[in-house]
Amino acid sequence: MGRLSPGQWFEVGAWLAVAGAAYGFSLQFDRDIEMYRFGAAGWPRLIILLIALGALGQFAQDLRKAQGEPLSGTGYFDRFSEHGGGFFLRMGLTLALPVVYAGLLQGMGYYFLTPLFLIAYLYLTGEHRIKPLILVPLFLYLVVTFIFTRLLYVGLPTGYWPGFYDFGTWFVVLVRGI
Amino acid sequence: MEQFIAGALTLVGSPLSVGIFFAGLIGGLLFGAIPGVSMLTLAAIFLPFSGLLSASDAIMFYSVLYCSGTYGGAVTAILFNIPGAPENAPTAFDGYPMTQQGKAGKAIGAAVLCSALGGTCSVILMMLATPLLADIAITHFGPPEIFALVFFGIAVASSVGAATLWKGWLSILLGLLLATVGLDPVAGIERYTFDFVYLLAGLHFIPVILGFFAVAEVLVQAERRVRGSYDMPKFVTSFPTLHEFWKLKVAVARSVGLGFFSGILPGVGATLAAFLSYNEAVRWSKRSHNFGKGELEGVVASETANNAATGAAMIPLLALGLPGGALTAMMVGVFQMHDIEPGPLVFVNSSELVWVVFAAMFFANIAILVLGFLETKTVLHLLRIPFQFLAPGILLLATIGAYAVRNLVMDVGVMFAAGILAYLLRRTGYSIPGIVLGLILGKLGEQNFAQAMQLVSYDVVTFVTRPIVGVLLFAGLATILTNVYRALKDSRKEIEA
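These protein sequence lines map, in sequence, to chains A and B. Mapping to numbering that gives the first Met the number 0: the first sequence position 33 is 32, numbers consecutive. Mapping to numbering that gives the first Met the number 0: the second sequence position 449 is 448, numbers consecutive.
Bound conformation, chain A alone (with noise of 0.2 Å):
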């Protein structure tokens, strides 16, 4: 038998645990229609099991190329490990910051958090020249906003947790001001 990274191992096993956990969500919904003999849960059930047949489709062609193969680990999670410690970390900062920022977009309002969350963004990917770093996102940031909320009367999101709410209103009041 031949020998898969652990990046493929990985993967067949997540795509089975997607069909595994559609199907389980599915007995929820799966539920009768009168007039239409699948159920509101048929056309969601073939694909899931579509999908499991090529993610073992897929396993079984990963094993036949690695027949006889040495190990090759050409899979991301294996061409990752080459890069160390610190770009796993700084990836993972990367990959989480906007997560972080979605997250507290709600409380926090776009006028107050998006400057900060661009600035992170470029010290992340490793623009560590200070004037740059503040300058560029804070011009572009100025810039669309003004396109948005001046000239196009897009509404974002002014935050509500207290302080920001205050601040959020009060730039907008300022930026229709002009």
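Calculated directly from the structure, the hints in this document are not laboratory data. Just so you know, these numbers come straight off a predicted model, no measurement behind them. Mixed in with the good hints, there may be bad ones.
Said to hold, decoys possible - The calculated lysine to aspartate or glutamate pairs, modelled on EDC-like cross-linking and capped at a C-alpha distance of 16 Å, are:
1) B:K488 / A:D61
2) B:K442 / B:E189
3) B:K492 / A:D61
4) A:K64 / B:D489
5) B:K285 / B:E243
Fit chain B to the supplied structure of chain A, relying on the hints for placement.
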């Protein structure tokens, strides 16, 4: 011909009409390029004011907006991998790799020319054949045929963009699964909503597309910067040559046909037109292995088809009063605001209005050619800006675009989640276009399948023996089997090597 000339003269007859024409043209180009905002936003904003204009000016504005807005989304798709609208998504598949290879000018030049060409051909066909084509489309294309068309489109797409055939299918199936989130199309039963009110309407495709394309690309470039392997794309403003276009004449003609055909079908429209045309270009090209890596034919196929669908979408609207999409649905509203009922009688009672629309769309497509080239000369210079400074702008626009769709912060969260997922999937050989196609076609496919089954009383023989259904299903199955055979052959060769 006289009617067309009369329509054209009405168009230029008053300064207001000329002003409305250019407002629609430029508004469509600008708004069409902003994902999440798009031409539909401008159309919705303008709707209440359209009652103040004459019927011909109001309808003319929307028709011109439709033409220019459909092209507008191609520019950001090519330069930044951010399609302005779903119908521009296939343009990004090859347009953005062309930018990375320093051929942005070629890609945008091709998009300009093909959009103008596709739109102009579509308008000419529309003028010649509206009543006849509308009748054929409506009487011969029902839910079974639309489902079979979706199946065919998905079967062809499974071979595009992924490292292996299995990964291509898994990509599409993931998109189809995501499309089931929300309410089922038959009885409105909640599926995968987890009692979240937000998920009742399903995942909106704009935030998902923004995530899959724009955010994922930013993350991919971020990884390159973190690894220290980032290279600035080369900056060259050369446009495609006539010889290059002449070599693609078959692809252009096929894309006009596919786009026009898809545009006539109510509810199908420019998005399916673009994907179908791209898929067929892959299938028939001698350089199919180059698609997804910067093949000009990919841009040509997508942009010709999506603009060819714009004229065709007017056919069911004008001839039968059936809107083909969101913009044409708004146009029904505009008609009704002016006490005009779109349908066969509009050709009898308001024929001059119809010909103003035809003339406006014709000239709009010509104007796209001129304005598009001018726009290209200026917009291309954005590529001189290092990507690490463009990326914050892209993230900003994507955030606003995702939020502006429904004023929901959750859409921003969905966008970033989709971006991270797409980043990981891209690095492991899955096809993001495949996922997007599955997501967009999933609901359409399921809805039409359910209606089709009820129509034929679940008799499979009746279903597959409908001529158009039979042909499309056979073609789809043949495509799948051919792809499987090729994949097995290649796999055997690899193992033997």
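**Study point:** Hint numbers contradicted by this structure
**Key:** Every hint satisfied by this model.
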